[in-house]
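Here is how the chains run, residue by residue.
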Amino acid sequence: MERSEAELIAAVLAGDAASFEPLLAKYSPRVFATARRYARRESEIEDICQEVWLKAFDKLKSFRGEAPFEHWLMRMAVRTCYDFLRGHQRNRVSSFSEISEPEEDWLERFVAEPGNAAEDADAAKMLIDRVLEKLSPEARLIIQLLEIEDRSVKEIAVITGWSVPLVKVRAFRARGEMKKILARITKEKYL
Amino acid sequence: MNLPELQKKLIAAARLQPPDDRVPYAFEKRIMAQLAARSATDHWVFWARGLWRAAAACVAVAVVFGAVSLLKPAAPDNSNDLSQDFENTLLASADLPDNSSPP
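Protein sequences, first through last, are from chains A and B.
Note that the first sequence covers residues -15 to 175 in the numbering used here.
Note that the second sequence covers residues 41 to 143 in the numbering used here.
Source of the hints: derived by calculation from the structure; they are not laboratory data.
If you're wondering where the values come from, they're calculated on a predicted model, not measured in any experiment.
In this text, a Cβ means the ideal position worked out from N, Cα and C, and glycines have one as well.
Misleading hints may appear alongside valid ones.
Some chain B residues well away from chain A (every beta-carbon gap over 10 Å; in silico) [as the list claims (entries may be wrong)]: (1) L43; (2) E45; (3) L111.
Some but not every residue of chain A turned toward chain B, in silico, with C-beta under 10 Å [unchecked claim]: (4) V15; (5) R20; (6) E26; (7) E30; (8) D134; (9) L166.
Here are the simulated lysine-lysine pairs, DSSO-like style, with alpha carbons at most 30 Å apart [claimed, not checked]: (10) A:K171 with B:K48; (11) A:K152 with B:K69; (12) B:K69 with A:K39; (13) B:K69 with A:K45; (14) B:K48 with A:K164; (15) A:K109 with B:K48; (16) A:K10 with A:K45; (17) B:K48 with A:K163; (18) A:K118 with B:K48.
Can you make the complete structure from the sequences, with help from the hints?
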C-alpha cells in the first residue's frame, strides 16, 4: 500500500532516509520547472534542484504540516532560486546589440503593427528571457511571480518572506526597471 | 513605440510557454546517494566538531591563566605565601619539641 506524505515525512524524521525518495520522485518535476524559470544552463538548474532537496532534507524538522508539503518545498525552491540570482548578478549588465535576428524581426513587426507580433512566437519568448536576465534579482523574482505566474501579493509575501508593503514597493520598482530596459532596447534599435 | 503594450506582449509570451519539468536521468538516485554518504560521515563530523570546540575552550582557559600569571604583580614578601603557610601547617606536628623523651 502506498504511504501518505505525512507518513513518509514521519518516517524520514524517525531516521528512515529511504522514505525521502518517493517525495523526491513526486516533486522533482515541479522543482525543476521552478528552477528553469530562473536559470538557463542545465548544470545550474541541476545544482539549484540539488540544493533545494538537500535543504529540504536538512530542514524537514521545521515542516509542521500546517500547509501542504508541496507549498513548503516550493517556497524553499523559490528562495534558493533567488539566492542563485543574487549570486549571478554580474552577468546582467550588457548591451542589447547582441539580440538575434528573429528577435529583431519580431520587434520590427511589433513597431510596424503591434497586433501582428504574435505572443506565441519563439522570438518573443527569447526576448522576454533576455529582458528578465537584465533585471535585478528582486525585480526578476517579482515580475516572475506577480506578472508571469499571476500570484497575489500576499502569496508572494509568504513565498519570499518579505512583508506585503515591501512586495508592493518592489513590484512598483520592478515594473519601472522593466520599462527602462525595454526603453533601452527600443532606443538602441530604433533611434 | 508603445512600451506598455510591448511589456504586455512579452509577459503574455512568457506565460504562454511554461518551463520544461523534465528531470535528468537518475537525479533521485544521485540525491539519495548523497544523503546516504552524508549520514555516514555525520558521526565523524560530530566527534570532530566536539573535539575542536573542546580544544578551543582549553586554549582559551590556558591563555586566560597565562595572562593572569604574567600580569599579576609578584608578592613583595613571603608572609602571604600560601605554599609556605601550607607547609608550616603540615609540618607543625613534626616541628613540635618532643616532651616524652627522658631529660
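Structure-based check of each hint:
1. Against chain A, the non-interface label of B:L43 is violated: not every CB pair exceeds 10 Å, the least being about 5 Å.
2. The beta carbon of B:E45 is not kept farther than 10 Å from every beta carbon of chain A, the shortest such distance being approximately 5 Å.
3. Annotated as non-interface, B:L111 keeps its C-beta farther than 10 Å from every C-beta of chain A; the closest such distance is 46 Å.
4. At its closest, the beta carbon of A:V15 sits 8 Å from a beta carbon of chain B; the interface hint therefore holds under the 10 Å criterion.
5. A cut of 10 Å between beta carbons decides the hint on A:R20: the least distance to chain B is about 4 Å, and the hint holds.
6. A least Cβ separation of about 8 Å between A:E26 and chain B falls short of the 10 Å threshold, and the interface hint therefore holds.
7. The beta carbon of A:E30 is positioned within 10 Å of a beta carbon in chain B (closest approach about 6 Å), and the interface hint is therefore held.
8. Hint status for A:D134 relative to chain B: holds, with the closest Cβ pair at about 8 Å, below 10 Å.
9. The closest approach between the C-beta of A:L166 and any C-beta of chain B is roughly 5 Å, which is under the 10 Å cut-off, so the hint is satisfied.
10. Of the pairs offered as hints, the one joining A:K171 and B:K48 holds, with about 18 Å between alpha carbons and a cut-off of 30 Å not exceeded.
11. A C-alpha spacing of about 41 Å is found between A:K152 and B:K69, which places the hinted pair above 30 Å, so the restraint is violated.
12. Pair hint B:K69 plus A:K39 holds up; C-alpha atoms about 17 Å apart against a cutoff of 30 Å.
13. Of the supplied pair hints, the one linking B:K69 and A:K45 holds, its CA atoms being roughly 22 Å apart against a limit of 30 Å.
14. The straight-line distance between the Cα atoms of B:K48 and A:K164 is roughly 14 Å, inside the 30 Å bound, and the hint therefore holds.
15. With a CA separation close to 12 Å, the supplied pair A:K109 and B:K48 stays within the 30 Å bound.
16. In summary, the hint linking A:K10 to A:K45 is supported, as the alpha carbons are separated by about 20 Å, within the 30 Å threshold.
17. For the given pair, B:K48 sits about 11 Å from A:K163 by alpha-carbon distance, which is consistent with the 30 Å threshold.
18. Restraint check: the Cα-Cα separation between A:K118 and B:K48 comes to about 17 Å, which is no more than 30 Å; the hinted pair holds.
Violation of the numbered hints given earlier is confined to hints 1, 2 and 11; the remaining hints are satisfied by the structure.
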